[in-house]
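In this text, residue positions in the sequence shown follow the numbering used here: the first is 209, and each later residue adds one.
What the hints contain is simulated information worked out from the structure, not anything from laboratory work.
Here the structure is a predicted model, which is why all the values come from computation and not from measurement.
In this text, a Cβ means the ideal position worked out from N, Cα and C, and glycines have one as well.
Watch out, some of these pointers could steer you wrong.
[Stated by the list, open to error] Subject to a maximum C-alpha distance of 16 Å in a straight line, what follows is the list of computed EDC-like cross-link-like pairs (lysine to aspartate or glutamate):
#, residue 1, residue 2
1, K233, D339
2, K389, D367
3, K324, D370
4, K324, E334
[Unchecked claim] The calculated label-pair distances, taken between Cβ atoms and stated as ranges, are:
#, residue 1, residue 2, range
5, G319, T257, 32 to 38 Å
6, L235, D266, 34 to 40 Å
7, K249, M209, 15 to 21 Å
8, K328, G358, 17 to 23 Å
9, N311, D367, 31 to 37 Å
10, P304, E338, 22 to 28 Å
11, V226, T300, 33 to 39 Å
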Amino acid sequence: MKKFVFNNETEGIYPLTVQIIGYIKNLAKDIVDDHTDFRIKTILIELLTNSLKHMGSDVTSIGIDLKNNKLYISKQDKGKPLQINTRQALLTWPLPSSKFARNEIAIYGDGFGTLKGRVKNSNHLEFFTEDFDVQYVDKETIMGLNEHYGLMIIARASDTFDYKHKPGTGVNTFTSVIELKQQ
209 MKKFVFNNET EGIYPLTVQI IGYIKNLAKD IVDDHTDFRI KTILIELLTN SLKHMGSDVT
269 SIGIDLKNNK LYISKQDKGK PLQINTRQAL LTWPLPSSKF ARNEIAIYGD GFGTLKGRVK
329 NSNHLEFFTE DFDVQYVDKE TIMGLNEHYG LMIIARASDT FDYKHKPGTG VNTFTSVIEL
389 KQQ
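Using the sequences and the hints given, assemble the complete structure.
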């Protein structure tokens, strides 16, 4: 796995994105088409923007790995653990066992869909999206969900996307996976 360091400064987003994209194109050579390139850029920009919002002055690590035609893009930091404000409670990782018994939680919604999470265990959340038939959207549902639009963008651009929190070290890891196809 190749690691890149982000200093959590706005002016570092573009140069680091270009550097990582160059590395990925060299690593994956003939299997990154224009559509996949766009997905990778979208994921990187959102992960780095998320880091700006939640990290402060510390650094963030971006990891890139290619295994079995799957591209793994991970962001690691020691910022605050993920928090999701549902209508019932504020969820903060690691989750107490009473909170992860219900498995699925709604995280964000807009006029086109909902970002949800499947709780895997007290330290692991797997994101997924559900699309709405726009004419049947319940506006109350959309207005009641917390703001995690960037996570929705990453989830839509990824084949899989998850979050893990390591309580002993305080490390947060967001991992996006894109399945690359031979052209």
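Against the structure shown, which of the earlier numbered hints fail to hold, in ascending order? Those not satisfied are hints 1, 5, 6 and 9.
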